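Trainee: Protein sequences, first through last, are from chains D and H. According to this note's numbering, the first sequence holds residues 1 to 126 in order. According to this note's numbering, the second sequence holds residues 1001 to 1442 in order.
In short, the hints are calculated from the structure, not lab data. Here the structure is a predicted model, which means the values were calculated and not measured. Watch out, some of these pointers could steer you wrong.
Claimed, not checked - Here are some of the chain H residues that sit facing chain D, going by a computed Cβ distance under 8 angstroms:
| hint | residue |
| --- | --- |
| 1 | G1100 |
| 2 | N1250 |
| 3 | V1280 |
| 4 | Y1330 |
| 5 | S1335 |
| 6 | F1336 |
| 7 | P1337 |
| 8 | V1347 |
| 9 | P1370 |
Think of the CB as a built atom: it goes at the ideal place given N, C-alpha and C, for glycine as much as any other residue.
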Amino acid sequence: MLLITCPYCGPRDESEFSCGGEAHIARPLAENSLTDAEFADYLFLRDNPKGLFLERWRHAAGCRRWFNMARDTVTHEIVEIYPMGSGPASKAGKAAHAASWRRDTAAEAAAKPAPRKPRAKKDKAS
Amino acid sequence: MASDKPHQEGPHQEGPDRGLSGLPGGKPKYSAFALARQAMQYHQGWQRAWRDAQPQDEYDVVIIGGGGHGLATAYYLAAVHGVSRVAVVEKGWLGGGNTGRNTTIIRSNYLWDESAAIYEHALKLWEGMSQDLNFNVMFSQRGVLTIAHSEHELREMSRRVHAIRMNGIDSEILGPDEIKKFVPIINTDQTIRYPVMGGFLQKRGGTARHDAVAWGYARAADDLGVDIIQNCEVTGLRRNGRRIVGIETNRGFIKTRKVGCVVAGHSSVVAAMADIRLPVASRPLQALVSEPIKPILDTVIMSNAVHMYISQSDKGEMVLGAGVDKYNSYAQRGSFPVPEHMISAAVELFPVLSRLRMLRHWGGIVDTCPDASPIISKTDVEGLYFNCGWGTGGFKATPGSGHVFADLIANDRPNSIAAPYALDRFQTGLLIDEHGAAGVAH
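This is chain H alone, in the form it adopts within the complex (with noise of 0.2 angstroms):
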């Protein structure tokens, strides 16, 4: 009977569960006797967490971009693929971009296999990072739950509930009563104008600390030789026909024969270097932060429809998400009528917001894609490789990002989980449309 055979297992299971475990995490290594005996030396004897790296003449690989998807690559490539002389060049500071401007929410509850594939993988690679990095990332799984404001939004939910499901990930409906006995706060009332009528929560779900990610990373791969260059920016990409063989930088000219770009917001300027086209727009997409109060609110909530999202962080602050703005831009800010809306949406979910003050409000610079998934991809030029396109979505799959993307560099060739994400899916046809799950929450 097809019932005795084990349960087919999707791609995602391919990966690891729970972290790679056995991988070199930073040195010295953190622990509480290394806390107990700093204590004893008034904490004077904390190393720094990485070298300031200076450009060597050249690499095996370089990594442009030194954010979260940046140095989880470069790791990966040090750790999982044994590649020595690795460089990650940043023209900011590290994990200065979009890394430390989301608002940290992690899930794997989207609708398509190829979805579920990676950010399953990404959210298992999550559940052991603490662990494999040896630096507490923060991450916290309080659950993510999104909001339905209509009857066909519930179905449409419910479709999407059904699909996860099917993958092997975990996703539950919740009516009004349940959503208001796991969030008190919330107002169910049905007269408001989007009132809460269901809901899905995905428990495994939840936030980490996005800075950590970065430094967790960072110290790693610093740890096994990486040079993270700082303030380094990247002006030209240098190729010999269709192969690359350095990129140009404001520090000078570095030799490689492999560049793998991460620069989100950017990707299309860098790709214009070598002559490359991509379907990407940068947007600006806003958040902010109140100030911090006493815990009210212990898991995430999304809603789709009122473009809306909000958690609350350690510190107690109210860290609010937005949608994306409506025109491109490069300018690391956005308009105004964006988080207008979506604190009009806040305060009529949650009345108790209507009070406090907002701390800070910012903006990033968004690579979004015509079918709402990444690019993870070789390209036309040879040893040029693009990891972008994440849009609004990319923080929760940074792990898994970084683990694919260091595989499509190692071996020239993408594994199952990156190669549905290639740039040639906008020839093809092959798009994977996750404006439903990826449209809003961040």
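So that you can see chain D by itself, here it is in the shape it has in the complex (with noise of 0.2 angstroms):
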């Protein structure tokens, strides 16, 4: 049984919560350059450690916000909560997630927007 301490309500029973599954899974932008098998690392494959887990919650009976975790699959210890678009601040979350497969995936690389490319100069003469 988990007393998990919601960042907006504070300490609640497992209970009142839903689990999203693994976190930091961006979808890709340019899915039609992916193959099949890269785009099957964001669709279906799912990171499974055991030990440190990133994942998402949502205060499904309160006040139904979304956030993110980082719990010990083996002995459930909650290392983290921290919020919805931000990684990791403990030196064990950064580790675990800089030691996750799907940072090197192509699938991952798809979800970043290409780097600006500088703007041409117009032809004055035309």
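Both chains are given apart, each in its own frame, so use the hints to dock them into the complex.
Mentor: Okay, structure coming up:
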């Protein structure tokens, strides 16, 4: 049984929450350029570590807001709770984020906007 | 006329009918005569059922995981495919994982053809297993009744029953009155929160003694020379390029060119040793038993809507299973709200249970797949095979799973039953969505 501290409502019973699975899976922007295997990384494959796991939770029977959690899947210890849109702050959480195979996938690379190209100078003569 | 033609046989009927007769069981043979002979000797002469094998330097095939599926795979490799040097390595003790933790329910009433093929193949093997293995697995075809609690569920159920029957598998719809007659202790009052509005029954379904399945396969496999190595944890998969050359264990390196991985909840962990990623999530699945009582329930009752299933063991304990926990875990324990929810549903459906005391409660870690169907597959690594993703419902498939997985390993290509369960379905999108049939009962 987990006692989860909702960042908006405080500590509440586990039964008030729903778990949204692995956190930090970004949808590829240019999915047409990905192969089926690369897109499957985003769509079906999930990290399933034995140890610290970064996951999304929602206070479903409370404020209904989403947040992230770094939780150990062996001890169930909650190491860190941090807001959506940000990465883990703890050392262990950062290490888990960096260690995930997902960081190296083409799907994740395709989720970031392409670096902006320097705008070509207009020809004044035209 | 089309009706003159023989009935189009589904793929499941390619398999054996009622076990594989003529397979070698374990020795010495268990029989009434053996029992009488031993009785004369005060039962001093029984031999141990399998050797405590020590790891050798090299094997033709190594199976990782000494649960039901792994032992069945090893047995069929030796018995059907004649592979002589097979080892099963198990980090704990034989059958100590999900094989000893499930609620022993067996059925083959799945929606899709691919599922019908493998689960019915398994059910037919169950029907002859005690004879095949010369070991009483206490297979009891007491029927499995799935209950519907709403009009919509009933309609969906009717669709499933027709699909099941089209695959030549027995299944029938029952109304509330027939259910009451079949299960006198059930509460069919229509005013309860989830009233019994109907259900469907697979009479050939039932239960088996889960430990006996592991023991029976272990004994018969051991007799064929399979080494069952307990307390041997795999710590690495050694590769040469894209080919497997052996496994690292806490008891040293074992050389082999074929590794079959059947480790359920730890599939992702072992896959990571070969840089393979699987679409599975490891979740706790919980069950409990009550104190033993006189026989009150001679069938298996399941309810998908309220996430509860119940049967009575031969010892008299009421065996209850719950739904899967909502978060990933490797802890082999679940959270309290899940069994609490299941017990409240059980007590409403069976008021007679309300004053029973619970005896034991446990959790096992199951590897759930996105489409609630298993993975029986080759991998990118030559010689490395995976049989996983059985999620909440692997026990019922034990013999079928082992049989087709042994075939895959021996021939390095899947047969028609295993082929749809290849890992590449998560790239092609040819999923086998069995959430309706596999979601709850195990």
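Trainee: Take the hints in turn and mark each one as holding or not.
Mentor: So, going through the hints one by one against the coordinates:
1. G1100: This interface hint is violated because 20 angstroms lies over the 8 angstroms limit.
2. N1250: violated, 16 angstroms
3. V1280: Since chain D brings a Cβ to about 6 angstroms from V1280/H, closer than 8 angstroms, the hint holds.
4. Y1330: holds, 5 angstroms
5. S1335: This interface hint holds because 5 angstroms falls under the 8 angstroms limit.
6. F1336: holds, 5 angstroms
7. P1337: At 4 angstroms from the nearest chain D Cβ, P1337/H passes the 8 angstroms test, so the hint holds.
8. V1347: Not OK, violated: V1347/H not within 8 angstroms of chain D, min 18 angstroms.
9. P1370: Interface hint status for P1370/H: holds (5 angstroms vs cutoff 8 angstroms).
The structure does not agree with the numbered hints 1, 2 and 8 stated previously, though it agrees with the rest.
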